[in-house]
Amino acid sequence: MGARSLTTMSPRLRRTLWIAALLAPAVLLLATIVVTPILSAFVYAFYKWQGLARVGFAGLENFRLILFQPPFSTWTYNAFLHNIIVFVALMVVQNGTAFFLAAALSKGLRLHRFHQVSLFLPVILSTVIIGFLWKLFLNPLFGLVNQTLIAVGLASWAQPWLGQPSTALGSLILVNAWHWVGFPTLVYLAGMQRIPREILEAAEIDGAGEWTRLRRVVWPLVAPSTTIVVILTFIGAFNWFELPYIMSGLEGSPFHTTDVLGLYFYRTAFGTVSSGLQDFGRGNALAVLIFLFILAVSAWWIRLLRRREIDL
Amino acid sequence: MKALLPRLGAAVLLAASFGHQAIAAELTFWSWRQEDRAVYQEIIADFNKLHPDVKIKFEAFEPTTYNTILSTALAGGKGPDLIQARAYGGLEAFAKPGYLLALDKTMVPELDNFSADALAAESMREDGKVYAVPFATQSMVVLYNKDTFKSHALQPPETWDDLIAAAKMFKGMGMMAFANGTATAWQNEVLMGGIAPSFYGREFNADLVAGKATFEDKRFVDALTKLTELKEYLPTGFTGVDYPTMQQLFISGRAAMIVAGSFEIANFRKQNPKLDIGVMPGPAPTKGAPRLVSLFVDGGYAINAKTPYKDDAIKFIRYTATPRFGDLFSNKLGNVSPIKGVKIEDGLLAEVAKVNASSAPYVMLVNFRYQEPTGSALIQTGVQKMMAGQATPAQVGAEVTKGIAAYYKPFQK
Amino acid sequence: MLKPWQTALYQALLAATTLVMLYPVLIMVLSAFKTTGEIYASPFALPAAWSLQNVATIWRETRFLTYLGNSILVTVTSIAVMLATGTLAAYALARYTFRGNEAIYLFFLSGLMVPLKLAIIPLFIELKTLDLLDNRLGLILVYAAMGLPSTVFIMTGFLKTVPAELEEAARIDGASEARILARIMLPLSRPALVIAGIHNAVPIWNDFFFPLVLIQSDHAKTLPQGLTVFMGEFSTDWGVLFAGLTLSALPLTVVYVLLSRQFIAGLTSGAVKG
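Taken in sequence, the protein lines are chains A, B and C. Under our numbering, the letters of the first sequence match residues 151 to 462, in that order. Under our numbering, the letters of the second sequence match residues 534 to 946, in that order. Under our numbering, the letters of the third sequence match residues 387 to 660, in that order.
Treat the hints as calculated values from the structure; they're not laboratory data. Keep in mind that the hints are not guaranteed to be accurate.
Lysine-lysine pairs mimicking DSSO-like chemistry, simulated, CA-CA at most 30 Å apart [stated by the list, open to error]: (1) 590/B <-> 514/C; (2) 198/A <-> 662/B; (3) 629/B <-> 503/C; (4) 514/C <-> 611/B; (5) 590/B <-> 503/C; (6) 198/A <-> 514/C; (7) 629/B <-> 843/B; (8) 843/B <-> 514/C; (9) 503/C <-> 257/A.
My request is simple: use the sequences and hints to build the entire structure.
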């Protein structure tokens, strides 16, 4: 039996090689640059650290501290709760708005190209500049929001938006929506533009109004876009870091009411300049827990959403 | 060929034995002080007048990422030769893993130029060795706008009542008495640091360390209560006033006073050279009582334990411990140098040095930022809550004590 | 098709959104001409003097053009590598059933769930071993790898929706797998490529954390990294930063405006064929 040439190879083998060739570069790149370092980092969670010196095996101690030992556990659950609030709020406010904006854009009305570009402009900007810009807008003394409220006679509504527990997180969520709404809009728009015109026209002939068409035809048919938007928003909400960092600081001011897992993780793993110390073991343990949580929920979501796509 | 290798080997060994350090290339010197880049070039130039053969390259990094950049490089074996390091717990984080070279009096005789406290700030508690040469002391004080006070014929207040009277007057005229806000977490600790020590007294710190008192002590709770009395003289919506806003309010002259660190002086002057800044300690409870500022060491210069240029690095470190360097440092960078025998030319800075003579240690940084949860993190959250009306001074004291007691033996009953 | 009041509502929604989006951007651009003090004193007024002082400072204190060039090089190459390898992998996962499909898909997705920042130390050491430190290629590989999970996710999602009939017809005609991929699948996925590209290009372009840690030499620094020079310990030169970040946003904006044309062209062709 001599060597087989490519053309005389069994179709099965050829198919396997083809699939392997498609997957190999990406798998290799990810495994080397991302997965290997992350696995090393996860191993660190099982050790005790002082600064960046490993000072002994800790077993599950770091995990215990995060989950059960106040004040660490209090911070954990507090941050976790905020992440959930952020996710739900973003789904409704940011992605809900995005759906309607996409619907508006898909009509091809006058000036729609201009609107599409301006809608997406904030997405391109650096979070640093956006965070600072909105801090200026929300400044209690000379911010535009308060100045406008005073000017229209609603002076009693002028308040320190970022300084109060009741309004701080909400303000951050709205700023995030302002920053990113362009992206899910685009994803929904892409989905909507793939809907064959015939289906929409048939629905109209059947007497369905615009709102009914949106609810019964468009929404189910953009299920693939929804899957993408839900998963990316979920993961983004739980990894949320840059915007709260710029606008609230690493501690989630005021007094941890805007604290989220991303901030909590960063100040635990790397310390802060002006208050906390780094605890590398605990930081890594927190990351492991966050990862497992996101992995479990995402896997479940994806299965659910995929089934929905197929059903629809 | 066979004979060549051993001969080559011998030649190499011979060459290597001529120097106990690598041939001097450029020493790298890392820092987080981006604002000081130009002055450090001058400092290096001055150093080169004494040691022309030692080349140093100064590199500054974005301050909040500096620790990560430095630790990663050190962990990866690619750290700089000279390191600007923090003090207290921040220093131990780098000294403990063995990244820094221990300094002693034989290596650096100029260590005699520093007080015991300054050296303690740059030592590791467990072995008592010094790991960095301190470069500045800072204090939490009250800065005030001299022109504003003059134009209202006001003297800088000495007692608490004087302060409130002055603040009331400013408020009545529609001016901001204080620029302070509580939105930025660490500024709450600064606020405490500038006002509280005069009220809890000099002995409190020693009592804390010895375990004779905790933060639930009446002295501390009373001091915190004083802070709450300032609320009506802070800007409207002060819970939303963050650090840059605070600074701008004072720099632009819209606020008459600000409880701030002495490190703000250089920055304020740069942004508004016409501003006539005055400095005073926090007010005394009663006339004649001592007025205390919170004092701490800002950081130090250290040597990478693995540097191949040990001798040259030591030359530079020794230079930074001399009054010659201290003069240059203080006068060009506007900070108080801890070196004995430094002549401060600037009037305002000399005032600061004078004010620093009556001080208490900056309690959380100096004693309680070595382990999590740090005293700093706890007091920042606590004061922020208190000023927002969501916690009483007693509750803050209790929370801080509870958090620290988890690891601090003297608090554990 | 639409009742007039419905058209009006949609137009109102779009107009309101555009206003809310553009006004802050306008403020950002105006602030580029102000000093930090002026930004705080009169944040919403026109600049007192349209001074180019901030731009001059950037020019003087940073190697702006070098950094800009590096940012372009790093971003474009990372996106190219990421889209190429990611699309191939997504195609395999979307159009072929095989054992381990779900596992490999989850493998890719898991990369999205953990911030790579966490592993900065092992990553640094690994890059040092591969001699990729202080090297734009190292940075490119890091960004490309970081972008793979979302790329695979988005591309798989879109590729799955291509009707099987197209593929079958081509196979019957005797087209090879490679040809199917190149001639049928890729053109149809243009909008998805744009989405995946933009989703990653923006954070890569604006990132300064990884360059700060992995790149030391001045000639290899990227633009956001170069601009951090104006972030001091106690004071940040906001006027200069605004100018710098505004300039930094320009290339991406131009690219997006050009691409949005592509986007619409790609979309309609997809709908008609389907």
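Going through the numbered hints above, which ones does this structure break? Give me the numbers in ascending order. 9
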